[in-house]
Structures are given as C-alpha cells and as structure tokens.
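Chemist: Chain residues, written in single-letter form:
2 protein chains.
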Amino acid sequence: MESSTFLPISQFSLLPPKPHGRNRALPFRPWKLRTSHSTTLQCHKMFVPGFGEASPEAKAAKHLQDFFTYIAVKIVHAQLESYNQEAYMDLMQFLETHSLSDGDKFCADLMRESPRHKSLGTIVLMVRSAYCKNDFEWDNLQRLASKTVDERNTRLMRDYVLETSTVDRK
Amino acid sequence: MESSTFLPISQFSLLPPKPHGRNRALPFRPWKLRTSHSTTLQCHKMFVPGFGEASPEAKAAKHLQDFFTYIAVKIVHAQLESYNQEAYMDLMQFLETHSLSDGDKFCADLMRESPRHKSLGTIVLMVRSAYCKNDFEWDNLQRLASKTVDERNTRLMRDYVLETSTVDRK
Chain A
7 MESSTFLPIS QFSLLPPKPH GRNRALPFRP WKLRTSHSTT LQCHKMFVPG
57 FGEASPEAKA AKHLQDFFTY IAVKIVHAQL ESYNQEAYMD LMQFLETHSL
107 SDGDKFCADL MRESPRHKSL GTIVLMVRSA YCKNDFEWDN LQRLASKTVD
157 ERNTRLMRDY VLETSTVDRK
Chain B
7 MESSTFLPIS QFSLLPPKPH GRNRALPFRP WKLRTSHSTT LQCHKMFVPG
57 FGEASPEAKA AKHLQDFFTY IAVKIVHAQL ESYNQEAYMD LMQFLETHSL
107 SDGDKFCADL MRESPRHKSL GTIVLMVRSA YCKNDFEWDN LQRLASKTVD
157 ERNTRLMRDY VLETSTVDRK
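If you're matching them up, the sequences are chains A and B in order.
For the first sequence, this note's numbering assigns the number 7 to the initial residue and increments by one for each residue that follows.
For the second sequence, this note's numbering assigns the number 7 to the initial residue and increments by one for each residue that follows.
Some clues are possibly wrong.
No copy labels: a pair is met if it fits in one copy or bridges any two.
[Said to hold, decoys possible] Heads up, simulated BS3-like pairs for lysine-lysine below, C-alpha to C-alpha not over 27 angstroms straight-line: (1) Lys111 - Lys80; (2) Lys111 - Lys153; (3) Lys153 - Lys139; (4) Lys51 - Lys68.
Honestly, the hints are just simulated from the structure, not real lab data.
Produce the complete structure using the sequences and hints provided.
Modeler: This is the structure in structure tokens:
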C-alpha cells in the first residue's frame with residue numbers, strides 16, 4: 007500500500023530523522039526552526055510559515071479581541087435589561103442591524119449612532135478591557151485547549167477506524 | 007444632552023453603585039455574579055449570559071482548535087515542500103478544493119481522500135496536538151491580548167474624538 011511507504015506515522019517524531027532509503031531520506035521534519043532557516047538549532051519549536059513579522063500568538067490575540075467584544079456586549083446587554091430598559095432597547099435594536107463579527111467596527115459604529123449610543127460604546131470598550139484583564143481564565147483556556155485537541159484527535163481517529171473497518175467487513 | 011444623563015462614563019465602575027436619583031438608581035452593574043443570580047457575592051467576575059453549561063474559555067478553546075489545525079497544515083505543507091514533493095503536491099491540491107475554516111472536517115475529509123492523504127491527515131492531527139501543547143506561547147497570548155485591547159480602545163476613542171472635534175469646528 008502506498009500509505010505504508012508514504013510518511014508513515016512511525017516516522018512522525020519531534021526528534022531528528024535517521025536517513026535511510028529514498029522516501030525515508032526526505033521525511034517530514036516538524037522540528038524545523040521556527041524563526042530561522044539556519045542549520046544551527048537555536049529553537050526547538052516548529053517553524054510556522056506565513057505570518058511575516060507577526061506571530062500566531064499575535065493573530066490569535068487579535069481574534070480574541072472580537073470574541074471579547076462579543077462577550078462585553080452580552081454582559082452590557084444583560085445588565086441593562088434589569089437596570090435601564092431604554093438603553094437595553096437601544097442596544098437590542100442596534101444589534102439587529104449591525105454584525106458583531108468585527109468588534110472594532112461594531113464599537114466604532116455604535117459610538118457614532120447617537121450620543122446615547124456613544125455612552126454604550128464607551129462602556130463596551132471598558133468592559134472588554136476589564137474582561138480580558140481580570141475575568142477571562144487564561145490558565146483554564148490552555149487546559150481546555152489541550153483537552154479539546156486530545157478529544158478531537160481521538161474522535162477523528164476512532165471514527166475513521168470504525169468507518170474503514172465497516173467497509174472492510176462488507 | 008442625552009448622553010450626560012444616560013449611562014455616563016463616570017458611572018462605569020467595578021465597584022457597587024451608590025443609589026441616588028432616578029437614572030442613577032439603575033446604573034450599569036458589571037459586577038453581577040458570573041454563575042449565580044444570588045444576592046450573596048460568591049464570585050467577583052462579571053456574569054456572561056448565553057453560554058449555557060459551557061464557558062467563554064471552552065468556546066475560545068474550540069475556536070483555537072481550528073486555528074491550530076490551520077497552523078499545523080501550514081507547518082506540514084512547508085516541511086513537505088523540501089522533503090517530499092509528491093506529498094506536497096497532494097496537500098496543495100487538496101487545499102485548493104477544501105476549506106480550512108472547520109479544522110475537524112478538513113482533517114476527516116483529508117483522511118478519507120486516499121491512503122496517502124490518510125497519512126497526511128494523521129500527521130496534521132499530531133502536529134496540531136504538539137503545537138498546542140509544546141509550541142504555542144500561552145503567556146505571550148495573554149500579554150498580547152491585554153496590549154491589543156488597550157491599543158484598540160485608545161485608537162477607537164482617539165478616532166472618535168478627532169472626528170467629532172473636526173465636526174464641531176465646521
């Protein structure tokens with residue numbers, strides 16, 4: 007089978023490869039330097055191409071900002087429901103016509119809608135900052151991400167094995 | 007102006023409000039309990055509605071999985087370019103017709119494309135796990151997220167002030 011000679015699982019390792027044979031002389035090397043193509047090992051992290059001068063962490067941080075804006079709007083909206091019905095309705099109506107997918111654009115538009123909306127926008131900015139710095143559980147995020155990747159990988163492999171085993175039995 | 011009596015910035019505080027006046031008797035209260043509507047303060051975090059039994063951290067962790075899958079594919083693709091042209095072409099062609107927006111679906115489809123693609127899919131699963139657990143800089147993510155929210159909030163406020171100041175001078 008082709009799969010037995012093409013990048014077999016057993017060749018996947020974070021340790022340097024041992025050269026042998028044609029295909030095996032060109033194995034997958036995940037330990038390639040992250041920030042340098044030099045042959046001198048200075049960093050044991052995998053090289054991630056395509057981020058230019060930024061980093062995956064910076065890109066993830068930017069995506070999280072939109073998520074924090076979404077959460078800040080949820081928090082403000084829930085609070086207003088009990089304490090200020092007028093502002094609650096203002097925000098609800100604004101949400102019906104404006105997408106939260108771009109957090110900064112949402113806040114910028116909200117602040118320009120009217121003086122009342124401007125106050126709402128300012129509060130959303132403050133809440134997303136407070137949430138990011140004080141409330142969001144970063145350690146929990148790391149723990150859950152590690153758990154999630156294990157669970158998802160196991161499920162994908164199990165589903166594949168079950169599916170191919172069923173096909174073989176037909 | 008309406009904005010002066012409607013949720014003014016000075017009323018935004020993480021400390022409990024001091025009741026005074028009609029509007030001020032119903033201020034925005036971000037210190038509402040996160041997991042309970044009880045009046046007994048057990049948790050000083052803001053209550054985030056809409057996540058049911060899950061948590062914002064769990065949702066963020068799931069989103070990060072798709073990001074880690076994207077990064078794993080980038081890493082594998084870059085490595086194959088130097089070490090296995092056949093596999094590199096296989097992955098490139100697959101990428102042209104399959105979206106990476108859903109990481110698990112991408113991997114499941116990749117593993118079912120052919121025995122050769124199955125090996126590629128397995129490697130992507132392993133790389134995303136290794137990247138999540140060993141390479142991704144979680145502390146750096148937290149630092150950058152905090153920095154980003156400050157920068158974005160400052161920019162949004164500055165742009166608003168500059169824009170409204172210009173309007174006033176006309």
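Chemist: For each hint, tell me whether it holds in the structure or not.
Modeler: Right, here's what the structure says about each hint:
{"no.": "1", "hint": "Lys111 - Lys80", "verdict": "within (17 angstroms within a copy, 29 angstroms between copies)"}
{"no.": "2", "hint": "Lys111 - Lys153", "verdict": "between (33 angstroms within a copy, 19 angstroms between copies)"}
{"no.": "3", "hint": "Lys153 - Lys139", "verdict": "both (24 angstroms within a copy, 10 angstroms between copies)"}
{"no.": "4", "hint": "Lys51 - Lys68", "verdict": "both (22 angstroms within a copy, 23 angstroms between copies)"}
Violated hints are absent here; each numbered hint is respected by the structure.
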